[in-house]
Amino acid sequence: MTQYSAPPHDEWSWESMIQEFSALGGVVKNIVPSEHGLSSRDPAEPVLIRVPPELLIRSEHVEFLDDRIVIDKSAEIPEPVRSFFHRYANTLGLRTAHTAEAIAFFSALAALPDAVRQVLATDFGLSAPLQDDTASAARNQILNSRRVFWRRGRAIAPIIELARYAPDGLKPERGRSLQIYGYASKEIVVRFARHDPLSAFALFGRAVPETAAFSLPMQINVENFAILIGRNPDESKMRGKDPVPAISTDGQKITLSYLLLGERKSPALPRSICRTVFTEAGIQDPDEAFDRIVRSNALKFINLLQGLEPHEGSMTTTLRTMARYQLEALAYCIGSRQLAPS
Amino acid sequence: MPPVIESEQTESSNLDHQLWQGLIEDFGALGGTLENVAPRLTRTGLALISENPAHSVVLRAPRNLLFRPEDMVLEGGHVRIGATTEQNQHERAFFERYLAAVAWTGAGGASCARLIDLFDQLDPGLRTRLAEEFGMNRFIEGPRETRILRLFVSGRTVGLRGESLFAPFIDLMKRGNRGLHASAGPQGGVEIRGEAEGPLFLAFGHHDTLGVFRKYGGERPRPHAFSLATQFKVGPLELAVQRDPLTSIQRSGMRMPQLRLESGTIHLSHVMLGNLRFPRTPRAIFRALMREAEVGHSDAIFDRILYFNRTRFLSLLEALEPHSGELVTRLRRVALFQLAALAECTGAREL
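Quick mapping for you: the protein sequence lines, in order, are chains A and B. Residue 105 in this note's numbering sits at position 105 of the first sequence; the count goes up by one each step and never skips. Residue 181 in this note's numbering sits at position 181 of the second sequence; the count goes up by one each step and never skips.
Extracted from the complex, chain A is given alone in its bound form:
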């Protein structure tokens, strides 16, 4: 399907919607809708979508009600914005396409053999979508997958969120407004957030060759410490030019918002971060702790691949590819270097 035969936009044409978006302070240049997302009208020109803060709707205020995406009544959002968002979120044909993709993904997950589903639930935290009914899991995925980090929280950025995700996509730029800007030869893809292959799979239903691998959530006892690792790469702080996880200590308990284990773009970084934050927390042998976490992660993905071995089908192939991508990203951990002081 081309941009010219994109799904119909109900009673609200793309042009009318953009007009209203612009009236509320948004800017859209060189963008047209396409089958799965957005495309540039003229690839020789840059694309721009700028969303003012008033139009960035906090995720916690957005929910599904009777199959419609709505803003929580208690949210203090001006009526024109609320009205725009309700119409935008529920009448665009693209929403139908995204919903169909999400439902297909969860239906395929639900059809996996029990043993594989069990492994996905226990080892990879995919129990929620597997336990929910398909429609409700699909709704959650739609809301969660296109959120962007905005002022210490997450928000849905209209128009931008219609684009498909890709790790090499345009990165949201944050200033007074949130925008994407750049050149796109055809389809416009956006990197909504930092992902590894597992999180990209969970949110977008695809195997994506991400450059990074983050640890699975876990607790590991090292020396006299209990280390709790989360899986929220957005919760980070900068150390020089390197993002490091948020860390809190409570007696012998160390909590990390996430832990980077492999990074193709900077293979010395994962061990360096771990060594630095663990040493500062009082761990004597941070290298061994890091190795144990890598080992535990690697074995879970290898175990998944072994579990998938007797099975066939497109979801099995996607899961295999995802696990392989994650193991590849995990392998990118070579040497270490000094981090900037805190």
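Just so you know, the hints here were simulated from the structure itself, not pulled from any lab data. It is possible that part of the hints are untrue.
[Said to hold, decoys possible] Residues from chain B shown here face chain A by an in silico Cβ test under 10 Å; the list is partial:
| no. | residue |
| --- | --- |
| 1 | Thr247 |
| 2 | Ser248 |
| 3 | Ile249 |
| 4 | Gly274 |
| 5 | Phe278 |
| 6 | Val295 |
| 7 | Ile301 |
| 8 | Asp303 |
| 9 | Leu314 |
| 10 | Leu339 |
| 11 | Thr346 |
[Stated by the list, open to error] Partial list, derived from the structure: chain B residues whose beta carbon lies under 10 Å from chain A:
| no. | residue |
| --- | --- |
| 12 | Gly76 |
| 13 | Gly77 |
| 14 | His78 |
| 15 | Ile81 |
| 16 | Glu197 |
| 17 | Arg333 |
| 18 | Glu344 |
Predicted, not measured: the structure shown is a model, and the values here were computed from it. Heads up, the beta-carbon is just placed ideally off N, CA and C, and yes, glycines get one too.
Start from chain A and add chain B according to the hints.
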């Protein structure tokens, strides 16, 4: 397939006990010993069991009954001993009779041929890759009969003083993660002695999963993993990692790779990268070797070797993904077992 598989035992009425008895008598007359050992036909071929598990088994082949693989040839579907052999006419005649009646016909020739044929049916690009990157040339290159014989022999020889030798009856022992060990016997022979229940197993020894597959054609999880052969620059020097775990030296009661520094190249006979039982050992050994060679940044170099290996096996999985079939499934298992062993490297202890 060679006798790697820990198979289900099945009684069989097809075994010619009279023939078996005759072979044992001839073996004894030529100096061989079999004590407390009986034959058993299993799903994967003829195997040996302990007659009475309360007592030790003894298998002993004197030097005159140890045959060199290079003296064995496959002619018209039968394994024969070439003219280059050291053995006399009686020994040769016994061995050819033994091969025809038991080892080749009863235990392995057909299964070796089957595996070679599976390799021949693989996608040509995949075959090239398996040969070049994973040292599986023996399954792929050369005339079919040569490859079949090579696989048959390779899976049945025992190592003695750096030499691989084929010993009648001992070749029938299955190979497994746990098992008895061959040692030097009297008068230059080989001896296996120990207690066993059920089928007799000979331990895999130092081979990792890839090594087991290359030698025996079977896929088994192993507790350790050695690096693939590779070479790269480390500062002003070259580091050449070979894949020869049998070449080692003893130091502080530990097996270490042989290290040679030659014309600006550090040669290591092998590098262990993972060890389930001793996960702190692989990096510790490598650190010690690099200290000896006066090379800095040993951890980063070790990580590079580990990275190289992990990505090679992941890349094999990727290459196998569009294909299906028995051998593809088995190769996937090899890659996954090897990757699992490669993960067993945590920290480093003091040596």
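Each hint, compared with the structure:
1. Thr247: 27 Å, violated
2. Ser248: 24 Å, violated
3. Ile249: 27 Å, violated
4. Gly274: Gly274/B check passes; min Cβ-Cβ to chain A is 9 Å, inside 10 Å.
5. Phe278: Constraint on Phe278/B not satisfied, violated at 13 Å.
6. Val295: 14 Å, violated
7. Ile301: 8 Å, holds
8. Asp303: This interface hint holds because 4 Å falls under the 10 Å limit.
9. Leu314: Where the cut-off is 10 Å and the nearest Cβ of chain A is about 5 Å from Leu314/B, the hint holds.
10. Leu339: Result: holds, 5 Å to nearest chain A Cβ.
11. Thr346: Since the shortest Cβ distance to chain A is 4 Å, the answer is holds.
12. Gly76: 40 Å, violated
13. Gly77: Because about 36 Å separates Gly77/B from the closest Cβ in chain A, which is outside the 10 Å limit, the hint is violated.
14. His78: Hint on His78/B: violated, closest Cβ of chain A at ~38 Å, above 10 Å.
15. Ile81: Hint on Ile81/B: violated, closest Cβ of chain A at ~42 Å, above 10 Å.
16. Glu197: 29 Å, violated
17. Arg333: Status holds, d = 7 Å.
18. Glu344: 7 Å, holds
Against the hints set out earlier in the document, violations occur for numbers 1, 2, 3, 5, 6, 12, 13, 14, 15, 16.
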